[in-house]
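J.: Chain order of the listed sequences is A and B. Quick note: the first sequence uses the working numbering, first residue 1, plus one each step. Quick note: the second sequence uses the working numbering, first residue 1, plus one each step.
It cannot be assumed that every hint is accurate.
To be verified - Facing chain A, according to a computed beta carbon distance under 10 Å, are these residues of chain B, among others:
| # | residue |
| --- | --- |
| 1 | 35 |
| 2 | 93 |
| 3 | 94 |
| 4 | 101 |
| 5 | 134 |
| 6 | 192 |
| 7 | 252 |
These are calculated hints, taken from the structure and not from any lab test. Nothing here was measured: the structure is a model prediction, and the numbers come from that model. Note that CB positions come from ideal geometry on N, CA and C, so glycine has one too.
So you can see what is in the structure, the chains are spelled out below.
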Amino acid sequence: MALAEQTDHVRPTVITTERLTKRFADFIAVDAISFTVQKGEIFGFLGANGAGKTTAMKMLTGLLSPSSGEATVAGFDVYKQAERIKQNIGYMSQRFSLYEDLTIAENIRFYGGIYGLNRLAIAEKTDALLKRLQLEHARNALISSLPLGWKQKLAFSVSLLHDPAIIFLDEPTGGVDPITRRQFWELIYEASANGVTVFVTTHYMDEAEYCDRVSIMVNGRIEALDSPRGLKERFQATTMDEVFVTLARPTAAA
Amino acid sequence: MAITADNLSKHFGTVEAVKSLSFHIEPGELFGFIGPDGTGKTTLFRMLTTLILPDSGSASVLGLDVVRDYKQLRNRLGYMPGRFSLYQDLSVEENLRFFATIFNTTIEENYHLIRDIYVQIEPFKKRRAGQLSGGMKQKLALCCALIHKPDLLFLDEPTTGVDAVSRKEFWEMLKSLKAQGITIVVSTPYMDEASLCDRVALIQKGEILNINTPGDIVAGYEKPLFAVKSSRMYELIGALRSFPFAQSVYPFGEFVHYTDSRQEAQSEELLAYLAAQGFTDAEAKRISANIEDSFMALMESRTSQENS
Numbered sequence: 001m002a003l004a005e006q007t008d009h010v011r012p013t014v015i016t017t018e019r020l021t022k023r024f025a026d027f028i029a030v031d032a033i034s035f036t037v038q039k040g041e042i043f044g045f046l047g048a049n050g051a052g053k054t055t056a057m058k059m060l061t062g063l064l065s066p067s068s069g070e071a072t073v074a075g076f077d078v079y080k081q082a083e084r085i086k087q088n089i090g091y092m093s094q095r096f097s098l099y100e101d102l103t104i105a106e107n108i109r110f111y112g113g114i115y116g117l118n119r120l121a122i123a124e125k126t127d128a129l130l131k132r133l134q135l136e137h138a139r140n141a142l143i144s145s146l147p148l149g150w151k152q153k154l155a156f157s158v159s160l161l162h163d164p165a166i167i168f169l170d171e172p173t174g175g176v177d178p179i180t181r182r183q184f185w186e187l188i189y190e191a192s193a194n195g196v197t198v199f200v201t202t203h204y205m206d207e208a209e210y211c212d213r214v215s216i217m218v219n220g221r222i223e224a225l226d227s228p229r230g231l232k233e234r235f236q237a238t239t240m241d242e243v244f245v246t247l248a249r250p251t252a253a254a
Numbered sequence: 001m002a003i004t005a006d007n008l009s010k011h012f013g014t015v016e017a018v019k020s021l022s023f024h025i026e027p028g029e030l031f032g033f034i035g036p037d038g039t040g041k042t043t044l045f046r047m048l049t050t051l052i053l054p055d056s057g058s059a060s061v062l063g064l065d066v067v068r069d070y071k072q073l074r075n076r077l078g079y080m081p082g083r084f085s086l087y088q089d090l091s092v093e094e095n096l097r098f099f100a101t102i103f104n105t106t107i108e109e110n111y112h113l114i115r116d117i118y119v120q121i122e123p124f125k126k127r128r129a130g131q132l133s134g135g136m137k138q139k140l141a142l143c144c145a146l147i148h149k150p151d152l153l154f155l156d157e158p159t160t161g162v163d164a165v166s167r168k169e170f171w172e173m174l175k176s177l178k179a180q181g182i183t184i185v186v187s188t189p190y191m192d193e194a195s196l197c198d199r200v201a202l203i204q205k206g207e208i209l210n211i212n213t214p215g216d217i218v219a220g221y222e223k224p225l226f227a228v229k230s231s232r233m234y235e236l237i238g239a240l241r242s243f244p245f246a247q248s249v250y251p252f253g254e255f256v257h258y259t260d261s262r263q264e265a266q267s268e269e270l271l272a273y274l275a276a277q278g279f280t281d282a283e284a285k286r287i288s289a290n291i292e293d294s295f296m297a298l299m300e301s302r303t304s305q306e307n308s
């Protein structure tokens with residue numbers, strides 16, 4: 001997007017990787033990937049099943065130590081400062097979300113506690129969050145009683161509770177109706193407008209079009225990285241789906 | 001008719017999973033039930049495949065009643081459930097042989113039906129099913145659902161969580177099965193897959209919002225629709241919502257989709273308003289609706305009916 005191009009030089013970098021690599025025995029899951037992500041950017045991280053996205057995300061979120069290469073996330077080194085990284089990022093996926101048998105307020109209190117917020121801050125943030133999502137009436141509702149769309153919006157907001165510099169979203173919108181999916185993307189835009197960097201994976205190729213820039217991983221390598229418009233021009237495609245299918249041939253072992 | 005459903009209903013506790021659905025599907029059709037998670041697609045499929053009983057209403061599949069004639073019907077249906085349901089500790093080949101045997105047939109007899117799909121997983125035929133990648137599991141499950149040469153195939157969310165390339169390959173397989181005369185009923189949460197079906201039912205909260213060909217569904221979109229963009233997308237959404245004639249405003253990838261409450265709305269007027277709000281780089285063009293626009297419009301009209 002034009003905005004990203006024009007302001008790259010003034011926006012600080014919040015993720016940097018340099019030949020970042022992960023090997024499992026003979027298998028190279030992530031093969032020397034190098035890229036940077038700027039503050040406030042919405043960065044789409046795409047690839048076929050088994051292309052290495054999850055392994056790369058685990059290294060960037062401090063859950064897995066790389067085999068070689070360099071990376072810093074929110075200013076912290078992935079080898080030496082993994083715990084500091086965890087404190088300064090948010091994470092949300094379809095699998096890892098809220099506790100179904102706790103209420104909304106209890107979940108917020110729990111995650112606030114995990115991230116070291118004090119009682120007063122948790123109370124303030126709980127009120128603000130419920131108000132923003134128009135869920136004040138549901139404060140004491142069990143998560144299990146909520147529609148999927150509410151759960152996802154709530155999980156997203158909870159993962160921002162500790163004001164992280166970066167939020168990692170792993171296929172956040174699977175299975176919801178199209179209106180809820182768009183409400184979710186508005187939350188992403190809002191976070192980005194507030195300076196939060198959004199690092200997102202998705203299987204919906206139309207969602208790649210929401211991103212400022214998109215990378216496409218194939219067999220552990222980043223095969224393309226540009227704005228959606230730039231990628232479509234380069235591959236003479238009208239949609240990101242076409243770009244993806246052209247690039248992301250499944251691995252031989254798929 | 002391949003399938004006829006008449007006021008078919010099912011509830012679980014206080015949840016009405018399927019609300020009095022009536023529809024028919026013709027022989028040889030590739031028919032899609034399109035809708036988000038939790039809208040009753042799986043419950044509907046389980047009734048049509050004789051696995052659960054309807055509370056009320058009736059349905060016949062291949063001319064057989066789903067309650068009374070369930071034994072005959074099971075021999076003629078193929079069903080691929082949404083959750084991987086093969087034996088994880090049997091090999092690829094053992095799973096396939098098992099399913100052939102329980103239907104009193106052999107792999108050899110119907111190999112022609114599965115050949116194109118099976119050759120892709122044959123190099124791994126000694127591997128346990130639990131050790132396969134997602135794409136291979138899906139192909140094996142399809143082979144197992146086909147090995148008794150069913151007349152009608154039910155596929156419950158076969159492409160959920162599958163990447164765009166594998167999804168494309170899977171739809172190619174369905175197309176070639178359809179060419180062999182098998183009626184195929186598929187469910188999916190991916191709206192863009194609607195265009196790959198002959199006809200679709202858009203389904204939400206256990207009800208059918210619309211049932212038609214994909215082309216006729218989008219042709220039925222009534223409001224003037226514009227794709228609008230600017231470098232400041234988040235602020236753009238708010239500005240468009242403040243426009244007095246705004247009907248709906250949704251982000252849609254690199255654009256915002258805006259519908260106006262007036263049929264005669266023009267993009268020039270919209271751009272002038274946006275320029276006055278400081279969006280001097282804004283672009284707006286009139287576009288045709290796609291299936292998601294249609295789905296959202298139907299959801300909105302349903303919600304406003306409920307609230308009125």
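J.: Evaluate each hint against the coordinates.
T.: Cross-check of the supplied hints:
With a cut of 10 Å, the hint placing residue 35 of chain B at the interface with chain A holds, because the nearest CB-to-CB distance is about 7 Å. At a threshold of 10 Å, the smallest CB-CB gap from residue 93 of chain B to chain A is about 18 Å, leaving the interface hint violated. A hinted interface residue such as residue 94 of chain B counts as satisfied when its beta carbon comes closer than 10 Å to some beta carbon of chain A; here the least separation is about 21 Å, so the hint is violated. The closest approach between the C-beta of residue 101 of chain B and any C-beta of chain A is roughly 29 Å, which is over the 10 Å cut-off, so the hint fails.
At its closest, the beta carbon of residue 134 of chain B sits 5 Å from a beta carbon of chain A; the interface hint therefore holds under the 10 Å criterion. With a least beta-carbon distance of about 7 Å to chain A, the hint placing residue 192 of chain B at the interface is held under the 10 Å criterion. Look at residue 252 of chain B: its Cβ gets to within about 7 Å of chain A, closer than 10 Å, so that hint holds up.
Of the numbered hints given earlier, the model fails hints 2, 3 and 4; all others are met.
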